[in-house]
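**Q** My request is simple: use the sequences and hints to build the entire structure.
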Amino acid sequence: DTAVSQTPKYLVTQMGNDKSIKCEQNLGHDTMYWYKQDSKKFLKIMFSYNNKELIINETVPNRFSPKSPDKAHLNLHINSLELGDSAVYFCASSQDMRTGISSTDTQYFGPGTRLTVL
Amino acid sequence: AQSVTQLDSQVPVFEEAPVELRCNYSSSVSVYLFWYVQYPNQGLQLLLKYLSGSTLVKGINGFEAEFNKSQTSFHLRKPSVHISDTAEYFCAVSYLSGAGSYQLTFGKGTKLSVIP
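Same order as they appear, the protein sequences are chains A and B. Oh and the first sequence: position 44 is 44 in this note's numbering, straight run, nothing missing. If you count the second sequence from 1, you need to add 1000 to reach this note's numbering.
By construction, these hints were calculated from the structure, which means they are not laboratory data. Watch out, some of these pointers could steer you wrong.
As the list claims (entries may be wrong) - The list that follows gives simulated cross-link-like pairs (lysine-lysine, BS3-like), each with its CA atoms no further than 30 Å apart: (1) A:9 <-> B:1069; (2) A:9 <-> B:1108; (3) B:1049 <-> A:40; (4) B:1058 <-> A:40; (5) A:41 <-> B:1058; (6) A:41 <-> B:1069; (7) B:1069 <-> A:67; (8) B:1108 <-> A:19; (9) B:1111 <-> A:41.
What the hints assert, rightly or not - Label pairs and their calculated CB-CB ranges: (10) A:10 <-> B:1071: 39 to 49 Å; (11) A:61 <-> B:1015: 38 to 48 Å; (12) A:5 <-> B:1015: 44 to 54 Å; (13) B:1007 <-> A:62: 30 to 40 Å; (14) A:57 <-> B:1042: 39 to 49 Å.
What the hints assert, rightly or not - So the derived list for chain A, only partly shown, Cβ under 8 Å to chain B, looks like this: (15) 41; (16) 90; (17) 107; (18) 111.
All C-beta atoms, glycine included, are put in the ideal place defined by N, C-alpha and C.
**A** Here it is, written out as structure tokens:
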């Protein structure tokens, strides 16, 4: 059973297009995240949602819009794709990250989506 | 602000030799420390974590790490590596952000290459 799944695994598209990446977790977690890993393998958080509510929104261009239809899903929509958006995007989930130290729990990562913008 | 420094971007080591991957952090608040491993073309997997208690933490696949508060370090060690340990290793700190939730900040990773 896949705990955190992402689709698609690979995405190749032209500049200016709009694309979406889907993420689903079957762990019953309340918190979900999107991370971007650049070509140098540096991982940086983009967003986190807790039970469909936006919690963390790092300085990400507003072309990126996360959407959480329910707490098991967190999709990432990207408008007007640019060359610099090429990266691997990881979804992750964890227990509620707001309820204190005992909830500083493991984040479970999906397999990643490699986005290539031509 | 919290930051994580992984001092070595690449570490080559012969099979069955010991290895230490170094991690230092800076923080003005209490932090919780993690090591994740990323095998080629895969997502990240937790190796071990330190939240409190014993400063020596044991993880999966024979790895361990020691939290040293005075040196603000959390180095990862394994006494004898295998070819299958070849991967990218990420140190991370979790801290309570201004948004009221715990947030992970990652180091830039260390690529461990095990040589047969």
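**Q** Given the hint of 30 to 40 Å, is the C-beta distance from residue 1007 (chain B) to residue 62 (chain A) inside that range or not?
**A** The hint (30 to 40 Å, Cβ to Cβ) holds, given that residue 1007 (chain B) and residue 62 (chain A) are roughly 36 Å apart.
**Q** CB of residue 61 (chain A) to CB of residue 1015 (chain B), is that within 38 to 48 Å?
**A** holds (45 Å)
**Q** Regarding the hint that residue 111 (chain A) lies at the interface with chain B, is the smallest CB-CB distance below 8 Å?
**A** holds (5 Å)
**Q** With 44 to 54 Å as the target window, see if residue 5 (chain A) and residue 1015 (chain B) comply at their CB atoms.
**A** violated (34 Å)
**Q** Mind checking the CB of residue 41 (chain A) against every CB in chain B and telling me if the closest is under 8 Å?
**A** Given a least distance of 5 Å, the restraint on residue 41 (chain A) holds.
**Q** Cβ-Cβ distance between residue 10 (chain A) and residue 1071 (chain B): within 39 to 49 Å?
**A** Hint holds: Cβ distance 42 Å, inside 39 to 49 Å.
**Q** Can residue 90 (chain A) be said to touch chain B, with a Cβ gap under 8 Å?
**A** holds (6 Å)
**Q** Take a look at whether the Cβ-Cβ distance between residue 57 (chain A) and residue 1042 (chain B) falls inside 39 to 49 Å.
**A** Given a distance of about 27 Å, which is not inside 39 to 49 Å, the answer is violated.
**Q** So if I understand the rule, the pair passes when the alpha-carbon distance is 30 Å or less; does residue 9 (chain A) with residue 1108 (chain B) pass?
**A** holds (23 Å)
**Q** Within a Cα-Cα threshold of 30 Å, do residue 1108 (chain B) and residue 19 (chain A) meet the stated pairing?
**A** Given pair residue 1108 (chain B), residue 19 (chain A) holds - Cα atoms ~27 Å apart, limit 30 Å.
**Q** Check whether the Cα positions of residue 41 (chain A) and residue 1058 (chain B) lie no farther apart than 30 Å.
**A** Roughly 25 Å separates the two Cα atoms, so the pair holds.
**Q** Below or equal to 30 Å on CA atoms is what counts here, so check residue 41 (chain A) against residue 1069 (chain B).
**A** holds (27 Å)
Violation of the numbered hints given earlier is confined to hints 1, 7, 12 and 14; the remaining hints are satisfied by the structure.
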